[in-house]
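Mind docking chains D and L on chain F? Use the hints.
These are the residues of each chain, in order.
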Amino acid sequence: MFKTLIIILLSSVLVDNYVLSRFLGICPFLGVSKKLDQATGMGIAVTAVMLIASAVTWPIQYWVLNPLEMGYMQNIVFILVIAALVQMLELLLKKFSPSLHKGLGVYLPLITTNCAVLGVTIQNIIDDYTFLESMVSALGVGLGFLLAMVLFSGVRSRIDESNIPAPFRGLPVTLIAASFLSLAFMGFGGIVENIFA
Amino acid sequence: MKKGSNLDVLTRGVLKENPALVLILGTCPTLATTKTVDGAFGMGIAAMLVLICSNVFISLLRNIIPDTMRIPCYIVIIAGFVTIVKLLVQAYMPDLYTTLGVYLDLITVNCIILGRAEMFAGKNPVVKSALDGVGMGIGFTIALTMMAVIREVLGNATFAGTPIPFLQNYKISFLSQAPGGLLVYGLLIALVYIVTKGKAPLKKSFSCAGCPNAAHCHTACTEKGDEA
Amino acid sequence: MLKNIKTVGVLVAICTVVALLLALTNQITAPIIAKRESDAANKALLEVMPDGTGFEELKDISKLPDSIVEAYKETSGKGYVFKINATGYKPDMMLMCGVSTDGIITGSVCLSSSETWGFEKTLGDQMKGKNIKTVADVEAGATSKTIKGYRTAMKDALNAATILGGGEADLRSPEEIFNDNLKAALPAGEGDFVKQAIADATNAIDFIYAAKNGAGYVYIIGEQFIGVDAEGNVVTKDVSAENGTLAQSKAALAAAHTAVDTTDSGINENITSVQKNAEGNYVIEINGLGFGWFGNPNEYQEAKNIPIQICTVISPDGNMLECLTVAHEESKDYGAAWGTEEYYGQFDGTTIDTYKDVDVISGATISNNGYLKAIERCFKAVEILEGGAE
Chain F
1 MFKTLIIILL SSVLVDNYVL SRFLGICPFL GVSKKLDQAT GMGIAVTAVM
51 LIASAVTWPI QYWVLNPLEM GYMQNIVFIL VIAALVQMLE LLLKKFSPSL
101 HKGLGVYLPL ITTNCAVLGV TIQNIIDDYT FLESMVSALG VGLGFLLAMV
151 LFSGVRSRID ESNIPAPFRG LPVTLIAASF LSLAFMGFGG IVENIFA
Chain D
1 MKKGSNLDVL TRGVLKENPA LVLILGTCPT LATTKTVDGA FGMGIAAMLV
51 LICSNVFISL LRNIIPDTMR IPCYIVIIAG FVTIVKLLVQ AYMPDLYTTL
101 GVYLDLITVN CIILGRAEMF AGKNPVVKSA LDGVGMGIGF TIALTMMAVI
151 REVLGNATFA GTPIPFLQNY KISFLSQAPG GLLVYGLLIA LVYIVTKGKA
201 PLKKSFSCAG CPNAAHCHTA CTEKGDEA
Chain L
1 MLKNIKTVGV LVAICTVVAL LLALTNQITA PIIAKRESDA ANKALLEVMP
51 DGTGFEELKD ISKLPDSIVE AYKETSGKGY VFKINATGYK PDMMLMCGVS
101 TDGIITGSVC LSSSETWGFE KTLGDQMKGK NIKTVADVEA GATSKTIKGY
151 RTAMKDALNA ATILGGGEAD LRSPEEIFND NLKAALPAGE GDFVKQAIAD
201 ATNAIDFIYA AKNGAGYVYI IGEQFIGVDA EGNVVTKDVS AENGTLAQSK
251 AALAAAHTAV DTTDSGINEN ITSVQKNAEG NYVIEINGLG FGWFGNPNEY
301 QEAKNIPIQI CTVISPDGNM LECLTVAHEE SKDYGAAWGT EEYYGQFDGT
351 TIDTYKDVDV ISGATISNNG YLKAIERCFK AVEILEGGAE
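Chains as they are written, first to last, in the working numbering: chain F, 1 to 197; chain D, 1 to 228; chain L, 1 to 390.
Chain F on its own, in the form it takes in the complex (with noise of 0.2 Å):
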């Protein structure tokens, strides 16, 4: 049980980085990764915004879609609800927590339609977790998320400082950049599957 849960949380952090081996969630990964405290901020509320989305999808698909057998409204309530909830905390925050909506609520409505936020709650259906899985799973993509926008923060402040071919400049050399890092998370493949072994 235990094992279960510490394989399925490292191997979505190392193995099955959302970011760089399934692409989800590309798009913040690649925008708001110039500066290490955005990368941060950005990876630490979508990391929030994972597990509260997961921790309501999950009832919502057992105890209220499947019962209905309307498993195939999944996905328009699914973003709704994501859209709502995202919505629901920024508004929450910004009332209670100034300070805290400074630092991660201005992320709060990029992440609405953030792949990974769906993905991952999709995700823990298709892979029949249970309740407790689902949630160790979005912590472990979380915080995967986020290990990937800090590491790749760095590598982006070093290639700001670099002089790079015209047509390389921009996107073409972020997406080569990173092509790098994934092939260093690539390295962590088998490995997570045999620590236990």
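No lab work stands behind these hints, which were simulated from the structure alone.
For every residue, glycine included, the Cβ atom is placed at its ideal position computed from N, Cα and C.
Some hints could be false.
[Stated by the list, open to error] No farther apart than 30 Å at their CA atoms in a straight line, the calculated lysine-lysine pairs in the BS3-like style are these:
no.	chain 1	residue 1	chain 2	residue 2
1	D	K123	L	K59
2	F	K95	L	K6
3	L	K59	L	K35
4	L	K3	F	K94
5	L	K43	L	K78
6	L	K78	L	K128
7	F	K94	L	K6
8	L	K3	L	K59
9	D	K123	L	K6
10	F	K95	L	K148
11	L	K145	L	K43
12	L	K90	L	K43
13	L	K59	L	K128
14	L	K90	F	K3
15	D	K16	D	K197
16	F	K35	D	K199
17	D	K128	L	K35
18	L	K63	L	K128
[To be verified] Counterexamples of contact, computed for chain F against chain D with all Cβ distances above 12 Å:
no.	residue
19	K3
20	L24
21	I52
22	Y62
23	Y72
24	L92
25	F96
26	S97
27	T130
28	L132
29	L139
30	I195
Just chains D and L, lined up with the frame of chain F:
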């Protein structure tokens, strides 16, 4: 070609404003589903179907949908069509359904679709919106297929699943894995820059401009956004 | 306020319309998707029971042998399909086996395994049509643990079907059952039999076992074990006339075989028996070796441990009249071809000068050497024996 004519609307999505290579939208599926030609082509067609339907529907309702509620309305409409396409693919093309997996669901949050709804269909008549959907869809499919051909042929020595005999010993297998996707995409965009002598891609770096949420997202973009 | 209500109203209206559209699509696609999913689940089941129409999983399998993991009943009553956990060299062979209501294996496949040689992947076809009496007699690799495990699993499946049909399980091992059947067919053989590789056995006869004490032969045709004594009389009761005649005529042929004394003749020691048949041709059995991985493919390499049992009929002037692969243990990719008529049939009509011209089956160049060497040794043996006679 007169700007804004029907023909212009149809063709600009294919070349001049190709969503994947010039507008740089829909990055997730571009990277994730281009391991195989089959998957990429299927993804392109599926996204095109959703795009055409949602463009038409949103354009029809553009005068009814209140401005403040438009993003949720758009999302519901798009998610609806995504589910319809998903159910149809699941029923009639099970192989493709297995290949695309969760990415089929994630067409909902594909920026191209929400982006076109926001930038075009919400402001233009039905016929033009439909043509825009067709053009953008074709452009997206072509870009995806092109990338998949490069990745599958060089990375796996196959074309749409058929082995290419003389390449069998020269596979660059990392191209068909995750890092290869990012690399090939980066190189293609650089190529577009060279071919168009720097006029394209329109988006020079990843920033909030072009993001369909930009207008909505007053905070991150204005306060901390892209200073570069 | 009114404006807010209108705004929310539009969203609700759109949601309703979209939900209705979805429900409609779902109505159309749901049955198709459900059918596809059940088809996919039934695919493996259909592979082992091709004429099955539908399957239903049996929940209570506590009465069945322990190795049975899952059991399915064919809904129109044609039989059962079992998923069996078999033990070869490793305890993780997952097999699927279909058994008809009259106790015949309709097919079997290996779902997953980690055996070294991979015989289990090729055994499915050989098991088809066997019943509990004959399940022990599968040609290839009779001594390997893999195959013993496979047989036992098949027997468990057959027993499970018997139990589900209300019968008693047979607790003997497949080998014991088989030997008991041989014993019953020819009691004079005293239970000590050796498998015969008679090249001119026709396709109608599956196997021939000779009693070591010379009391006669047991012919296996389908599921019938037919004992024929040394005088050529059918001794088993309740044998169909056609099979009995066939067994008798074969026995007559076999009886006309005379053993050739090869002591000190200098023929290759891999030759296990030399006989002369009624026409005066040599019937030679030899153990060849396949699978010589390690070495130059143009040279003969003594292989490790993968025997090929070959039987040849060669005329005294050195013409190959018939060649037959009796048994082989080659794994699927390389060696499956040896057992086919397309391969060994090519040697018919060849001589010591031409036997090397046969088409090599692609990808099989390595163990081809072992086969060719065996053929060469047969030709050489005839030369020696004929030369010695003059």
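Of the hints given before, which are not true for this structure? Going through the list in order, the structure violates hints 1, 8, 10, 17, 20 and 23 and respects the others.
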